[in-house]
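There are 2 protein chains.
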Amino acid sequence: MRSFFVLLATDMEKFQITILGCGSATPSPKHFTSSQVVDIRGKLFMVDCGEGTQIQLRRSRVAFARINHIFISHLHGDHCFGLLGMISTFGLLGRTAPLFIHAPQQLWSILEQEIEFYYHDLEFKVEFQGFDPAKTTVVYDDRSLTVTAFPLRHRVPCAGFLFREKPTADHLDREAADFYGVPQWDYTRIKEGGDFTAKDGTVIPHSSLTKPAEPGRSYAYCCDTAYNPSMIQLIKGVDLMYHDCTYADEDAERAKKHFHSTSVEAARTAKEAEAKRLILGHFSARYNDESILLDEATAIFPETVLAKENLTVSI
Amino acid sequence: MRSFFVLLATDMEKFQITILGCGSATPSPKHFTSSQVVDIRGKLFMVDCGEGTQIQLRRSRVAFARINHIFISHLHGDHCFGLLGMISTFGLLGRTAPLFIHAPQQLWSILEQEIEFYYHDLEFKVEFQGFDPAKTTVVYDDRSLTVTAFPLRHRVPCAGFLFREKPTADHLDREAADFYGVPQWDYTRIKEGGDFTAKDGTVIPHSSLTKPAEPGRSYAYCCDTAYNPSMIQLIKGVDLMYHDCTYADEDAERAKKHFHSTSVEAARTAKEAEAKRLILGHFSARYNDESILLDEATAIFPETVLAKENLTVSI
Numbered sequence: 004m005r006s007f008f009v010l011l012a013t014d015m016e017k018f019q020i021t022i023l024g025c026g027s028a029t030p031s032p033k034h035f036t037s038s039q040v041v042d043i044r045g046k047l048f049m050v051d052c053g054e055g056t057q058i059q060l061r062r063s064r065v066a067f068a069r070i071n072h073i074f075i076s077h078l079h080g081d082h083c084f085g086l087l088g089m090i091s092t093f094g095l096l097g098r099t100a101p102l103f104i105h106a107p108q109q110l111w112s113i114l115e116q117e118i119e120f121y122y123h124d125l126e127f128k129v130e131f132q133g134f135d136p137a138k139t140t141v142v143y144d145d146r147s148l149t150v151t152a153f154p155l156r157h158r159v160p161c162a163g164f165l166f167r168e169k170p171t172a173d174h175l176d177r178e179a180a181d182f183y184g185v186p187q188w189d190y191t192r193i194k195e196g197g198d199f200t201a202k203d204g205t206v207i208p209h210s211s212l213t214k215p216a217e218p219g220r221s222y223a224y225c226c227d228t229a230y231n232p233s234m235i236q237l238i239k240g241v242d243l244m245y246h247d248c249t250y251a252d253e254d255a256e257r258a259k260k261h262f263h264s265t266s267v268e269a270a271r272t273a274k275e276a277e278a279k280r281l282i283l284g285h286f287s288a289r290y291n292d293e294s295i296l297l298d299e300a301t302a303i304f305p306e307t308v309l310a311k312e313n314l315t316v317s318i
Numbered sequence: 004m005r006s007f008f009v010l011l012a013t014d015m016e017k018f019q020i021t022i023l024g025c026g027s028a029t030p031s032p033k034h035f036t037s038s039q040v041v042d043i044r045g046k047l048f049m050v051d052c053g054e055g056t057q058i059q060l061r062r063s064r065v066a067f068a069r070i071n072h073i074f075i076s077h078l079h080g081d082h083c084f085g086l087l088g089m090i091s092t093f094g095l096l097g098r099t100a101p102l103f104i105h106a107p108q109q110l111w112s113i114l115e116q117e118i119e120f121y122y123h124d125l126e127f128k129v130e131f132q133g134f135d136p137a138k139t140t141v142v143y144d145d146r147s148l149t150v151t152a153f154p155l156r157h158r159v160p161c162a163g164f165l166f167r168e169k170p171t172a173d174h175l176d177r178e179a180a181d182f183y184g185v186p187q188w189d190y191t192r193i194k195e196g197g198d199f200t201a202k203d204g205t206v207i208p209h210s211s212l213t214k215p216a217e218p219g220r221s222y223a224y225c226c227d228t229a230y231n232p233s234m235i236q237l238i239k240g241v242d243l244m245y246h247d248c249t250y251a252d253e254d255a256e257r258a259k260k261h262f263h264s265t266s267v268e269a270a271r272t273a274k275e276a277e278a279k280r281l282i283l284g285h286f287s288a289r290y291n292d293e294s295i296l297l298d299e300a301t302a303i304f305p306e307t308v309l310a311k312e313n314l315t316v317s318i
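If you read the sequences in order, they're chains A and B. Plus 3 on top of the position in the first sequence (first one is 1) and you've got the numbering used here. Plus 3 on top of the position in the second sequence (first one is 1) and you've got the numbering used here.
No wet-lab data here; the hints were simulated from the structure. It is possible that some hints are incorrect.
Repeated chains share a single entry, so a pair holds when one copy, or any two copies, can fit it.
To be verified - Capping the alpha-carbon separation at 25 Å, the derived lysine to any residue pairs in SDA-like fashion look like this:
id : residue 1 : residue 2
1  : K33       : R98
2  : K259      : G97
3  : K33       : T315
4  : K274      : T149
Just chain A, with the same shape it has in the complex (with noise of 0.2 Å):
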C-alpha cells in the first residue's frame, strides 16, 4: 500500500490527460477511437469510451478501479460502444462503488436496457446523470474541481468538457503572520480571506498577511466539432485544450460536410481561445503520415502536439 505522504508527493498535484485513443469513426491499424482519463489530483475521469477503450486501458497504467466518473460527448458509436464492454469488466474485477456516467440525456433510454439484458448480477450501480448537451452546463462540482459541458458543432448534439480546478485559499504569508502577532488557530480565517485585528485595534487586511494562490489549472476537451468560435469565450485562458483534427487543411471540405475541424481550424481555435497548449486528436485514418496536420497547425499555434495513444500531458 502506497504511504498517504506518497500520495502527497505525487497523486495530489496532479492533473494530467492519458490518451486512450484518437482515431475518428473507424478505428485503424494505428488508433483506437475516442478515449481518454483524466487524472486530477488521484481523481480519475474518462472522457468519451469508444470501442476497445477497456483494451487501451489494460495496456496503459491507469489505475482501472479509480475511475468513477465517464463523461460522454455525444452519441456515435466511436465515443461510446466501449462502455458495455468496460461495465462488464469493472463487475468481474469485483468493483463495488457506484460508477457515475454523464452523458446526453437520451443514451440512457438504450443503456438502461443495455445493462439490464446482458448484467442480472451487478454489484455496483451505474448512476446515470443526464445533460443537454446544446446548452452550457456544470456536470460534475466538488470542492476543488468543476466540470461544465458546452456545446459544440457537430451532426448530432454534442458537447466539450471544461475541467477547471477552484482556485484554493491564498498562501499565508508566515513572516507577516508572525510579525503581527496572528495566532496560529486564525490562519484558516485569514487564508480564506478575513483581515486581522491586532490587540491595539489595527486592522491588517488580508492582503497584507497573505499571497496569491495560483489560479486553478484547466483543461478543455473540444471533439467532435467543428470550427466553433462560440466556445472561446468559456474555455479563454485554458491551458490544455484537446481539439478535433479530424482533417488537414486541403480536405476543410470534407471537415466542412461532416462538422469536424482540420489542423488549421484546430489551432486557430488554441490561438482565439489564448490557450497555452494543444493537443490534435481524432485523426482520419486517410493519413498515413499525421505529421502533415502537426506541421499545419503548429505554423498558426506552436505549443501543439499530436495525440497518440498511451501519450500522457501534464499541466
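Put chain B on the given structure of chain A with help from the hints.
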C-alpha cells in the same frame, strides 16, 4: 481485379480459420476477446464477435466486405459486444449487401433496439436468424456447406458450430469413360451416381467409371464449454477443432465452477472425437506463459496448437 483463374487457384480450395481474438471474459494486454473468421472457398463466416473484433479485422488480411454471415455462440459480452461497432463500420465503408447474424433468438430483442437507436441511415439490412442453442440445428446450408449449431455446456445457453463441406460428386475416371464409350454430354449424370448402358446393352456401374470424391472437410468451434461428451458423436472425425481451454489442469475446480474447460479436458475431447487437429483458445489472463496449457494438452493429443491473434490454420 483478380481474375477468375486466380480465384480458382487459391480461394476455391481454401478452408482456413483466422483467429482474431482468443482471450477469455476480460481483454488482457495479450489477447482480444473471442472472434474468428472461417474462410471456405472464399466465403467468409465470422464466429463470435467480442469487443474490438473490427480493430483486429483491420489489422488482419481478412477482406471485411466478404463477411456475410456471423454466428454468435452465446450472449456473454466477450462474444458479442463487437457487433454494434462492426455494423457501424460496415455502414461507413458503404456496405449494401445484407449481413446475416445467426445467434440465440434472445439477442434480437436488444440488438434490434440498438440498431434502431444508433443507425437511422444504415444502407444495408441486418438479417437476424435466431436459433435455440439448446438444440442441434442446421443454421446455414448452401450447395457445398452446412453449418450446424449444437449445444455446449456453459453457464448460459451456448452453442458450438460445426462447419462441414458437402461431399462433392465423384470424379470421372476419364480412361474408363473413354474405354466404355461414354459420351461427353453424359459425364455429369455419371459423376452424380448414374450407371452407363453401353451400345450392346451392358450396364457399366457408376463405381467402374468414377473415383470416389474426397470427403468434405470439417471444422468444429467448441467455446465456451465445460467438458461436453454429448457433442462427440456429432463432430466425430472432424478435421480441426477449436476448444475452450480457459484453464490449466491445476485450476480444474475453477473450470468446473465457471463451466469452462482445462487443457486436459480439451485434449481429451479432441481424442474422443477423433479430431485430426486441435486449436486451444479462450485463455484466462492468469497464465503469463501459456505453454503450460500446450504441454498438458499435447501429452494427451499431440496435434495441438495454441491459438493466438492473427494465427491462420488451413485444413
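Tested hints:
1. For the homomeric pair K33 and R98, the shortest alpha-carbon distance between copies (23 Å) is at most 25 Å, but the shortest distance inside one copy (31 Å) is not.
2. Taking identical chains as interchangeable, the C-alpha atoms of K259 and G97 lie at most 25 Å apart only when they sit on different chains, with a minimum of 20 Å there against 45 Å within one chain.
3. Within a single copy, K33 and T315 get their C-alpha atoms as close as 17 Å, and across copies as close as 22 Å, so both meet the 25 Å cut-off.
4. In the homo-oligomer, the alpha carbons of K274 and T149 lie at most 25 Å apart inside one protomer (24 Å), although the nearest pairing across protomers, at 62 Å, exceeds that limit.
Going down the numbered hints, you'll see the structure goes against none, and every one checks out.
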